[in-house]
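Chain B: place on chain A using the hints.
Protein sequence lines, in the order shown, are assigned to chains A and B. Per this note's numbering, the very first residue in the first sequence carries number 1; after that it's consecutive. Per this note's numbering, the very first residue in the second sequence carries number 1; after that it's consecutive.
Careful: at least some of the hints might be erroneous.
[What the hints assert, rightly or not] Derived lysine-lysine pairs resembling BS3-like cross-links, with alpha carbons at most 30 angstroms apart:
| # | chain 1 | residue 1 | chain 2 | residue 2 |
| --- | --- | --- | --- | --- |
| 1 | A | 69 | B | 57 |
| 2 | B | 71 | B | 57 |
| 3 | B | 18 | B | 69 |
| 4 | B | 17 | B | 65 |
| 5 | B | 71 | A | 98 |
| 6 | B | 69 | A | 98 |
| 7 | A | 98 | B | 65 |
| 8 | A | 56 | A | 70 |
| 9 | A | 26 | B | 65 |
| 10 | A | 69 | A | 56 |
| 11 | A | 70 | B | 57 |
| 12 | A | 56 | A | 26 |
| 13 | A | 70 | A | 26 |
| 14 | A | 26 | B | 57 |
| 15 | A | 56 | B | 65 |
| 16 | B | 17 | B | 69 |
| 17 | A | 98 | B | 18 |
For the record, the hints were derived by calculation from the structure and aren't laboratory data.
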Amino acid sequence: SQQGEEDPQALSIQEGENATMNCSYKTSINNLQWYRQNSGRGLVHLILIRSNEREKHSGRLRVTLDTSKKSSSLLITASRAADTASYFCATDRSNDYKLSFGAGTTVTVRA
Amino acid sequence: EAQVTQNPRYLITVTGKKLTVTCSQNMNHEYMSWYRQDPGLGLRQIYYSMNVEVTDKGDVPEGYKVSRKEKRNFPLILESPSPNQTSLYFCASSLASGQPQHFGDGTRLSIL
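Just chain A, same shape as in the assembly (with noise of 0.2 angstroms):
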């Protein structure tokens, strides 16, 4: 079954402006990743927060946990033409060795 969910499932801007998507996951968990896939390519790992934390930073990407609400946001400030890709969640859940993939927030920065 699907562990995390992705909101909005499209998302597009303009250039210079932030995008920000949003993952909900159903069981608890040591941490939660986000990935990068550009059209059809391999997934690239961006950030990893752990359930002990609530925010993280690196570079324009700025990602939030809040257990209590088994949820997790990703912003990219500032965006840019390159930033267009499907970006995924990821759960490693804390009852198993298995991580779980939501379904992706397709973004489209326009020049």
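Structure of chain B alone, referenced to chain A:
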């Protein structure tokens, strides 16, 4: 260069003809995993391996087999492929369970 290599990249085959997709990593990672990606469903984990000779089912293991005889290799075997296994497959590896995964470039399988 650190990488996960999958072969073949593309394959069109027929129902029932056994096939193997190879996966190799050069990072000495302990954890390896296979995923399939279908439109609207994201990535679903097929099998994973915590280390040599240790494999376990993911969320969609039916119709697939794996083996982990060496640390670097984790082949995916479809003994009797069916059309519902037409998909984009990814192999990934990481230092350990729950750590950032390095993905291969994918294998697009079409089973007629």
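Structure-based check of each hint:
no.: 1; hint: 69(A) <-> 57(B); in the structure: 28 angstroms, holds
no.: 2; hint: 71(B) <-> 57(B); in the structure: 18 angstroms, holds
no.: 3; hint: 18(B) <-> 69(B); in the structure: 20 angstroms, holds
no.: 4; hint: 17(B) <-> 65(B); in the structure: 14 angstroms, holds
no.: 5; hint: 71(B) <-> 98(A); in the structure: 19 angstroms, holds
no.: 6; hint: 69(B) <-> 98(A); in the structure: 20 angstroms, holds
no.: 7; hint: 98(A) <-> 65(B); in the structure: 17 angstroms, holds
no.: 8; hint: 56(A) <-> 70(A); in the structure: 16 angstroms, holds
no.: 9; hint: 26(A) <-> 65(B); in the structure: 28 angstroms, holds
no.: 10; hint: 69(A) <-> 56(A); in the structure: 17 angstroms, holds
no.: 11; hint: 70(A) <-> 57(B); in the structure: 25 angstroms, holds
no.: 12; hint: 56(A) <-> 26(A); in the structure: 21 angstroms, holds
no.: 13; hint: 70(A) <-> 26(A); in the structure: 7 angstroms, holds
no.: 14; hint: 26(A) <-> 57(B); in the structure: 20 angstroms, holds
no.: 15; hint: 56(A) <-> 65(B); in the structure: 38 angstroms, violated
no.: 16; hint: 17(B) <-> 69(B); in the structure: 23 angstroms, holds
no.: 17; hint: 98(A) <-> 18(B); in the structure: 27 angstroms, holds
Hint 15 from the earlier list is the only one contradicted by this structure; the remaining hints agree with it.
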